[in-house]
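> Those sequence lines, one after another, are chains A and B. So in the working numbering, spot 203 of the first sequence is number 203, and the numbers just go up one at a time. The number in the working numbering is simply the position in the second sequence, starting from 1, with 390 added.
None of these hints come from the bench; they were simulated from the model. Note that the structure is predicted; figures quoted are calculated from it, not measured. Heads up, the beta-carbon is just placed ideally off N, CA and C, and yes, glycines get one too. Mixed in with the good hints there might be a few duds.
[To be verified] Just a few of them, taken from the derived set where beta-carbon distance is under 8 Å, the chain A residues facing chain B: (1) Asp-301; (2) Glu-303; (3) Glu-305; (4) Leu-309; (5) Tyr-317; (6) Ala-323; (7) Pro-341; (8) Tyr-342; (9) His-346; (10) Glu-374; (11) Ser-380; (12) Leu-384; (13) Asn-385; (14) Glu-387; (15) His-388.
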Amino acid sequence: MKEIYLDYAATTPVDERVLQEMMDYFTKIYGNPSSFHNKGMEAKNAVDNARDRIAKILNCSSKEVIFTSGGTESINFALKGIAFANKERGNHIITSRIEHHATLNVCRYLEKKGFEITYLDVDKDGIINPIDVEKSITDKTILISIMYANNEIGVIEPIEEIGKIARRKGIYFHTDACQAAGFLELDVNKLGVDLLNLNGSKIYGPKGIGLLYIKRGVEIEPFVHGGGQEFGIRSGTENVPSIIGLAKALELTHEEMQKNNLKLINLRDFFIKKLLKIPKSRLNGHHEKRLPNNVNISFLDVEGEAMLLHLNEKGIYASTGSACASQSLETSHVLRAIGLPYEASHGSLRFTLGNKTTISDIENVLSILPNIIETLRNISPLNLNMEHYK
Amino acid sequence: MKKMKKENEMETHSDVKAKVDSQKWFYTDIVKDHFFNPKNFLSEKKANSYKADGVGLVGSPACGDMMKVWIKVNKEQDKIVAMKWSTFGCASAIASTSMLSMMVNENGGMKIDDALKIKPQDIVKRLGDLPTRKFHCSVLGDKALRAAINDYFRKSNQINRMIIEGSRLIDKETGVTDKDIEEAVLEGADTLEKIQQKLKVGVSNKVCIPEVEQLIRFYKEKYFG
């Protein structure tokens with residue numbers, strides 16, 4: 001059975017070219033970058049070089065790029081680091097209701113430590129209104145943290161506009177770019193961000209590696225204390241092969257971005273158009289302000305986990321916002337935030353396309369999914385009125 | 391020693407305690423078989439022409455699980471001779487209702503008194519197990535069956551036999567029932583933390599927590615939209 005992987009937003013396979021570039025750093029250039037000998041120097045040079053290459057893409061200085069273990073760590077670093085280093089100035093942080101759990105759960109933690117968090121609403125398409133950001137600012141606000149693009153419904157947030165507000169008000173601005181990386185421009189000056197994080201596992205790089213851009217002059221607490229690596233704020237022996245892999249992956253996705261985006265947008269729009277022909281279906285999230293690879297659709301009267309299991313049986317791998325498929329048995333907080341009723345969230349499916357996705361993959365899914373939905377609707381006692389879910 | 395004690399104190403005040411609750415995403419072959427090849431279901435299209443002696447419906451679309459059960463009864467023998475069902479929900483909801491129908495229909499049917507005694511545990515046992523977190527929320531077939539039997543009792547003038555589902559014990563250690571949780575939600579306890587502050591439910595008997603959370607969501611949705 002041919003497998004059709006449509007869960008690239010969960011993680012991507014490692015690009016062969018990335019893997020190739022990494023290989024030497026496991027067995028040949030294996031030194032510790034902190035060591036005072038040639039073996040160490042080799043490794044240090046490789047890390048420095050990777051940092052330079054990344055800085056070029058982010059349009060920042062190499063010293064502003066800090067390697068971490070991934071997206072979650074970077075977000076923890078950014079939020080806790082800013083909060084604890086600036087608590088004399090204020091205790092208020094602005095974020096949104098649709099952030100990744102990494103952000104939301106750090107915020108909940110910070111609330112317990114005496115910080116006040118504003119969780120901004122989004123509109124029915126999932127977009128944050130910059131005016132709401134501005135209105136929420138108080139003289140105690142020390143940080144704004146808004147994701148660049150959402151992992152579930154793929155909507156792209158107005159980061160540049162929020163960046164301008166943050167600059168004007170002199171408030172630190174962090175964006176989680178894990179999903180945006182590889183699809184959207186990452187020029188930190190243009191975006192107007194003080195902190196930005198991304199990771200390898202979403203851009204055809206290795207897992208367990210990420211970075212946090214921290215603009216020079218930003219006051220932040222060190223996150224991992226130890227031997228003083230990463231400019232003394234994130235200690236621990238550098239993960240050299242993965243750092244090399246991250247740099248290569250970022251370069252490749254950046255170089256091929258325009259070409260890939262064009263292809264993906266065509267596939268995505270074809271897929272969405274066909275899926276919406278299935279009765280009682282709706283697209284979740286803004287139609288245009290959306291990552292080129294994201295499709296998130298609800299089908300009424302059926303439940304997501306059941307659909308996933310049927311798809312899985314056919315070798316098709318997707319994801320759902322249904323409570324039944326989550327560890328916590330909670331429906332997706334993102335779908336709730338766009339005002340989708342519970343029963344429609346249970347019936348949501350997310351397909352995220354990638355650079356190996358072909359039109360025949362999509363056609364394959366389209367030849368199978370309607371039957372699955374039909375089968376499940378046939379044994380479902382529900383018959384919801386579509387008018388209420390448009 | 392003094393320092394040690396201080397560290398212990400810190401531990402009890404830590405934000406998050408280490409939890410060991412990693413659960414596997416896993417269905418047995420029997421569950422999968424009933425999911426992919428459900429038995430005895432009745433589609434809504436055919437339901438109108440199906441002459442049932444009793445019909446029961448439980449759950450809600452918002453909760454993610456809803457089940458309907460139809461029964462045909464042989465009055466002389468006081469026996470369910472056919473049970474049909476339909477289900478909106480996840481794989482375990484569909485499989486468990488399918489399994490229930492097999493249990494009721496096998497050997498030519500089931501005495502009503504026996505059918506009334508079926509518990510979720512009996513269904514799960516026949517399925518060969520379910521992931522723990524799926525247990526409480528998705529196995530509702532027995533309740534739908536009891537609702538159908540009640541409907542039959544009502545229609546056949548056996549009002550005295552009707553069993554009004556009273557409160558259901560959720561946590562055997564604290565004696566907390568679903569009604570207690572419903573009331574607590576109405577009083578504004580809308581998170582597990584707040585419910586636990588009020589009722590201590592699931593504080594030591596953690597097995598019931600998924601069900602408590604499910605009930606909190608259910609009643610929140612019911613009363614506060």
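> Given Tyr-317 (chain A) was flagged as interface, is its beta-carbon under 8 Å from a beta-carbon of chain B?
violated (13 Å)
> Would the hint on Glu-374 (chain A) be counted as holding, given a Cβ-Cβ threshold of 8 Å to chain B?
violated (10 Å)
> So, as I understand it, the hint says Ala-323 (chain A) touches chain B; can you test that by seeing if any CB pair is closer than 8 Å?
holds (5 Å)
> Min Cβ distance, Glu-303 (chain A) to chain B: is it shorter than 8 Å?
holds (5 Å)
> Just to be careful: measuring from the Cβ of His-346 (chain A) to every Cβ in chain B, is the smallest value less than 8 Å?
holds (5 Å)
> Hey, does the Asn-385 (chain A) contact hint survive, CB to chain B under 8 Å?
The hint is violated - Asn-385 (chain A) has no Cβ within 8 Å of chain B, the shortest such distance being about 11 Å.
> Holds or violated: His-388 (chain A) as interface residue toward chain B, Cβ cutoff 8 Å?
This hint is violated: His-388 (chain A) lies away from chain B, its Cβ roughly 11 Å from the closest one there, beyond 8 Å.
> May I ask you to test the interface hint for Tyr-342 (chain A) with respect to chain B, counting a Cβ-Cβ separation under 8 Å as satisfied?
With a closest approach of 4 Å, the Tyr-342 (chain A) hint holds.
> With a cut-off of 8 Å, does the beta carbon of Ser-380 (chain A) approach a beta carbon of chain B closely enough for the hint to hold?
holds (4 Å)
> Are Leu-309 (chain A) and chain B close enough, Cβ to Cβ, to be under 8 Å, as the hint says?
At 5 Å from the nearest chain B Cβ, Leu-309 (chain A) passes the 8 Å test, so the hint holds.
> Holds or violated: is there a CB of chain B closer than 8 Å to the CB of Glu-305 (chain A)?
holds (4 Å)
> Next item in the hint list is Asp-301 (chain A). Is there a CB on chain B closer than 8 Å to its CB?
Status holds, d = 6 Å.
The structure does not agree with the numbered hints 5, 10, 13, 14, 15 stated previously, though it agrees with the rest.
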